[in-house]
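Engineer: Please build the complete structure, drawing on both the sequences and the hints.
2 protein chains.
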Amino acid sequence: MSAVTYELIHECRQSGARYGRVRTEHGSFETPAFMPVGTQATVKAMTPDELQEIDAKIILGNTYHLWMRPGMEVIAAAGGLHSFMNWQGPILTDSGGFQVFSLARPKDISEEGVSFSSHIDGSRHFLTPELSIGIQKTLGSDIMMQLDECTPWPASYDYAKNSLERTTRWLERAIDVWDHPEKQALFGIVQGGMYADLRQQSAREITSFDLPGFGVGGLSVGEPLETMLEMLDVIKDIMPREKPRYLMGVGTPVYMVESVLRGIDMFDCVYPTRVGRNGTAITSKGRVVIRNAVYAKDFSPIDPDCNCYVCKNYTRAYLRHLIKANEILGMRLLSWHNLYYLIDLMKQAREAIQADKYLDFVKEFYYKGGFVVNSSK
Amino acid sequence: MSAVTYELIHECRQSGARYGRVRTEHGSFETPAFMPVGTQATVKAMTPDELQEIDAKIILGNTYHLWMRPGMEVIAAAGGLHSFMNWQGPILTDSGGFQVFSLARPKDISEEGVSFSSHIDGSRHFLTPELSIGIQKTLGSDIMMQLDECTPWPASYDYAKNSLERTTRWLERAIDVWDHPEKQALFGIVQGGMYADLRQQSAREITSFDLPGFGVGGLSVGEPLETMLEMLDVIKDIMPREKPRYLMGVGTPVYMVESVLRGIDMFDCVYPTRVGRNGTAITSKGRVVIRNAVYAKDFSPIDPDCNCYVCKNYTRAYLRHLIKANEILGMRLLSWHNLYYLIDLMKQAREAIQADKYLDFVKEFYYKGGFVVNSSK
Chain Y
1 MSAVTYELIH ECRQSGARYG RVRTEHGSFE TPAFMPVGTQ ATVKAMTPDE LQEIDAKIIL
61 GNTYHLWMRP GMEVIAAAGG LHSFMNWQGP ILTDSGGFQV FSLARPKDIS EEGVSFSSHI
121 DGSRHFLTPE LSIGIQKTLG SDIMMQLDEC TPWPASYDYA KNSLERTTRW LERAIDVWDH
181 PEKQALFGIV QGGMYADLRQ QSAREITSFD LPGFGVGGLS VGEPLETMLE MLDVIKDIMP
241 REKPRYLMGV GTPVYMVESV LRGIDMFDCV YPTRVGRNGT AITSKGRVVI RNAVYAKDFS
301 PIDPDCNCYV CKNYTRAYLR HLIKANEILG MRLLSWHNLY YLIDLMKQAR EAIQADKYLD
361 FVKEFYYKGG FVVNSSK
Chain S
1 MSAVTYELIH ECRQSGARYG RVRTEHGSFE TPAFMPVGTQ ATVKAMTPDE LQEIDAKIIL
61 GNTYHLWMRP GMEVIAAAGG LHSFMNWQGP ILTDSGGFQV FSLARPKDIS EEGVSFSSHI
121 DGSRHFLTPE LSIGIQKTLG SDIMMQLDEC TPWPASYDYA KNSLERTTRW LERAIDVWDH
181 PEKQALFGIV QGGMYADLRQ QSAREITSFD LPGFGVGGLS VGEPLETMLE MLDVIKDIMP
241 REKPRYLMGV GTPVYMVESV LRGIDMFDCV YPTRVGRNGT AITSKGRVVI RNAVYAKDFS
301 PIDPDCNCYV CKNYTRAYLR HLIKANEILG MRLLSWHNLY YLIDLMKQAR EAIQADKYLD
361 FVKEFYYKGG FVVNSSK
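The listed protein sequences correspond, in order, to chains Y and S. Numbering-wise (my numbering), the first sequence opens with residue 1 and increments by one. Numbering-wise (my numbering), the second sequence opens with residue 1 and increments by one.
Note that these hints are calculated values from the structure, not bench results. Note that the structure is a prediction, hence the values are computed from the model and not measured. Hints are not guaranteed to be accurate.
Identical copies look the same in the list; a pair holds intra-copy or inter-copy alike.
[Claimed, not checked] Calculated pairs, DMTMM-like style, for lysine to aspartate or glutamate (alpha carbon to alpha carbon, straight line, at most 20 Å):
| # | residue 1 | residue 2 |
| --- | --- | --- |
| 1 | K312 | D49 |
| 2 | K312 | E53 |
| 3 | K297 | E73 |
| 4 | K161 | E111 |
Structural biologist: Structural data, given as structure tokens:
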């Protein structure tokens with residue numbers, strides 16, 4: 001029995017977009033879904049109760065950050081990450097690779113693993129596919145991600161090919177030490193840079209393993225939106241229909257709406273909380289930079305179409321004041337609204353898919369937001 | 001009809017401590033009470049809903065900060081401070097004097113008022129007793145404080161005498177422009193430095209005006225606790241029994257518990273939120289410096305005797321991690337607990353007063369906290 005199962009409930013007849021449900025031991029969630037990121041055992045500025053209130057069903061934890069601080073001894077003593085941070089729902093953890101690769105020098109990456117210096121105290125560490133699984137086992141996440149080699153952009157064809165093939169070998173090593181599939185799921189990760197044939201090679205290799213789900217990594221790393229969407233298009237028919245597909249690190253409205261059209265089920269990004277803390281609100285009409293002087297005496301909500309706690313109780317003028325005065329409450333309220341907006345956007349997407357109207361939904365989304373319609377569909 | 005009325009309900013037969021109720025247009029609250037400080041139109045890190053949840057009945061606003069930012073044009077357009085910050089309960093505003101005096105140079109203080117430079121943009125301003133009332137009128141607070149000259153410590157006898165006498169003259173000027181006693185209450189402020197006869201002179205002068213309540217200012221400014229308590233002792237019988245007494249800027253547990261014994265009804269202090277953001281918890285057993293290594297694997301609550309949301313849901317180990325990782329949630333949760341503790345401490349004090357057991361309560365408080373019993377009673 002797998003710790004995580006996926007049920008494809010409906011494919012939109014208008015668009016092919018997928019509506020489904022993922023079940024875990026800590027609860028189930030419908031897809032497509034946005035997953036808030038809880039880097040350091042907290043979704044920044046939010047309590048677990050508030051995450052429940054905005055209908056966040058699953059959150060992320062960052063293996064690298066938790067490994068470095070508070071460290072696995074503390075997490076193990078707490079009985080895992082769920083208990084440590086008092087979050088009862090499902091948790092997905094990344095492999096730690098993304099952060100480690102950004103800290104490592106090129107010569108530190110070998111077939112065996114990656115060596116790097118901690119950003120906190122400079123201490124040296126060595127991350128391997130096996131160790132990543134070991135750490136995620138201690139974290140006790142419902143979904144673990146394999147250690148992959150995240151290909152930077154731009155990268156040469158040979159570099160991207162070597163990376164994806166190493167990622168496949170690292171997946172084999174991760175599977176070898178994955179001794180508890182009934183407790184924690186393991187997802188493999190499709191790489192391949194921005195080369196269509198390499199993406200397809202990677203998708204074929206990675207999905208040849210019978211895993212409960214798959215990630216797509218190395219996208220939204222600086223390339224144009226069209227390039228990213230092309231990479232999703234070329235692997236769409238290779239990815240198994242009956243497994244969930246997680247587009248890693250992507251979570252802006254346009255990118256999510258377009259990716260759902262290409263069969264993606266799960267998203268995560270620090271974007272909503274990061275820009276929220278800096279005073280930017282994400283709305284159905286585009287971004288609202290709340291610290292702008294034009295909002296000084298604007299006593300309307302951030303987004304009149306939004307039903308969140310923030311939009312029902314606070315004005316743009318008040319939020320602008322809080323952000324300009326560097327008040328924690330301002331960062332809290334904008335993080336709250338932004339997370340609500342993205343979670344609710346995916347809820348609306350699920351409803352549109354079920355009603356076989358997802359293409360209409362995409363058009364309406366672009367129209368409301370004042371965007372140029374650039375969907376390739 | 002006065003905007004604010006006070007009812008002395010019971011005097012503790014064991015100690016003389018007072019239990020009463022203050023009524024305002026925005027609701028009533030029992031005394032003795034701790035009032036959280038909302039300097040910049042927010043009690044730092046807390047929503048109005050959370051303040052309600054911890055039973056905060058009245059909060060403070062700082063006239064100086066709100067005058068400088070967002071400015072009175074914005075507050076007036078919002079319809080006052082209650083509406084601007086979405087707080088429905090009573091609000092007390094200070095005069096702005098305390099902050100202005102700390103920014104002014106000695107030569108900037110005259111009989112007419114105080115000139116100073118804004119800490120935000122350096123612009124020059126001139127605060128008078130009349131202007132302070134005008135600003136507080138725009139803020140729409142339930143209780144306004146007169147502009148006073150806060151005597152520093154130490155100060156010479158002559159300096160303290162001149163300050164208190166000017167404060168009395170400034171009260172007359174404030175009363176002259178207080179044209180709406182049915183909408184907003186005005187409290188005068190007792191000064192007098194650390195000289196018993198000057199404190200008594202000030203108490204007699206200030207309470208000769210028929211005002212709905214009185215503040216005691218210029219205490220807890222660096223002097224020993226015993227000196228402060230002596231200053232309260234010498235004015236205790238001069239202050240009218242049927243009016244509430246507000247000890248300005250005092251809000252640590254020992255200081256509050258001792259001051260209640262000397263007839264004080266209202267307190268405020270930034271202490272709980274300030275030390276909370278820095279990772280210190282206030283508990284019935286004294287202060288807990290949560291970032292200390294000893295708490296790294298301590299999975300007990302901050303205070304096992306505390307019934308607050310934080311103590312019911314989070315461990316010392318988790319809070320330590322959050323504070324060390326500089327996470328907003330850590331600052332939020334410690335602010336929450338600390339405010340709850342002080343508000344609850346005053347609730348327990350009220351119950352002890354009603355039961356005529358306030359001296360027993362003080363002894364128990366010192367015993368639990370491991371303090372040396374230094375009450376002069």
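Engineer: Each of the hints needs a verdict: does it hold here or not?
Structural biologist: A quick look at each hint next to the structure:
1. Taking the shortest alpha-carbon separations for K312 and D49, both the intra-copy value of 18 Å and the inter-copy value of 13 Å come in at or below 20 Å.
2. For a Cα distance limit of 20 Å, the shortest separation of K312 from E53 qualifies both inside one copy, at 14 Å, and across copies, at 19 Å.
3. In this homomeric assembly, K297 and E73 come within 20 Å of each other (Cα to Cα) only across copies, at 9 Å, whereas the closest approach inside a single copy is 51 Å.
4. For the identical chains of this complex, K161 and E111 are intra-copy neighbours only, at 14 Å inside a copy versus 81 Å across copies, given an alpha-carbon limit of 20 Å.
No hint from the list above goes unmet by this structure.
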